Amino acid sequence: MSLLEEVPVRRNALQAASGPASRRRVDGRFISDEPLAPYDRHVRRELASWSAEALQKLEGAPEEPMERAAALARAHQDAALIASYLGRPNEARLVCHAGLDCVAEQAESSGDESILLFGFGTLVELSRLDARLGRTDEALCVLERLSGLSRGQGLSFGALTIAPATWARIGPGEGGAEGALASMVAIETQRTLLGSGRHEAALEMARSQGPTPADPVLEAMRREAYLVSLCRLGRGEEALLVAALWAAEAHPIRRPIFEVRHAEALAAFGDPVRAHAIAEECGRRVESRLSAGPVTMFDLTIAARVSRLLATLGDPLAAELCRTSLPAATAIGDVPLAAELALRILATDRRDEVRADALEALRAIATGSGYRIPAVERAVEAEDGPLLARSLKARAPSYPRLFERLLGFPPDALERQF
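For the sequence shown, my numbering gives the first residue as 16, with consecutive numbering after it.
Incorrect hints may appear among the rest.
So the derived label-pair ranges between C-beta atoms look like this [as the list claims (entries may be wrong)]:
{"#": "1", "residue 1": "Pro179", "residue 2": "Gly75", "range": "33 to 39 angstroms"}
{"#": "2", "residue 1": "His57", "residue 2": "Asn105", "range": "19 to 25 angstroms"}
{"#": "3", "residue 1": "Ala180", "residue 2": "Asn105", "range": "34 to 40 angstroms"}
{"#": "4", "residue 1": "Leu148", "residue 2": "Glu419", "range": "22 to 28 angstroms"}
Everything labelled a hint here was simulated from the structure, so no lab data went into it. All figures in this text were calculated on a predicted structure; none of them were measured in a lab. The C-beta atom is built at its ideal place from N, Cα and C for all residues, glycine as well.
Whenever a hint applies, use it, and build me the whole structure from the sequences.
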């Protein structure tokens, strides 16, 4: 019996704890569709150094076929991400398609079919790009075509072709590509459904999936999609029951996720007192992890989400948690996360010295990170006046050369066509 099926069995034991909150309308301010499950959470680095490092690694790509194919695939994925964060989605899409062609070429020239597997990461980036642009059906279509391999359908994207017979040779096997692909597609599909507000589809998918104890990240994502969808659909009683059940589990990944999600659900269904108590406890735990180190992106993601909930509840502890987390986010180098924390400090802390430090962090992001984050620019301009426009070359000096090395022409050649 799966955990989802166990819930009705334990209904009487948990219903007393759900209180009147389950009978109220949902307040969507407290619920986030962004998953906390720690899947492929790359650090969104400052764009100048990121593009310079990607170019350096590309120019130093090894000659051994498998290692070279891996390096080239990584270069294309990095370039696509950088282009996306620069606000150049058409270039990001071109880089993704060039990456697929490159994988196919490397597999053919080396005679090693397993190199074709490097195309999966690029296809996921292509799906994510479509999702960020609001092209949900296109994003899901990419994932559906990927999942077709497990149904014997084969795969064809540009020059990248994996016939059913080829997949039979490189996909199956314990710990092989087949299981990894199934997990990747399931997680990305749930993320896309949640991010696009398709909560009924996300709920149905989570229900239809069997438990995956051997894959704790997929299992966390499945449960998170189930719970978030219940909340968004206003099914408070069920949401509070599963949230309480899963938050009580002593699991290193699921417990911190579902403690936060339980607090969010309580707040969303009208029990701010209990939500506040749980959120404060979550904040103390994550502060302890940040102090003990080493700090991970998962720790910082939990910290940011707890601070968001505390801020929405009107608790000044939100600012303190952000102050604790901001230096760690800056040290790890995730620019949008650091921006979120600094902006929350400005919104919740009235102390001049604290606000000055947060504003200085936002100035550095606005003028030196390469990112264009509207809320950051508004905060800085409110204090300093209009920001000077920065060119592509100023925001990411190595990006044009990286793009040209991968595609054979500079990005401004595209602009000259229009």
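Hint check results:
1. Pro179 / Gly75: 33 to 39 angstroms: The hinted range 33 to 39 angstroms holds for Pro179 and Gly75, with Cβ atoms some 37 angstroms apart.
2. His57 / Asn105: 19 to 25 angstroms: 22 angstroms, holds
3. Ala180 / Asn105: 34 to 40 angstroms: Given a distance of about 35 angstroms, which is inside 34 to 40 angstroms, the answer is holds.
4. Leu148 / Glu419: 22 to 28 angstroms: Holds, at about 24 angstroms.
The structure agrees with every numbered hint stated previously.
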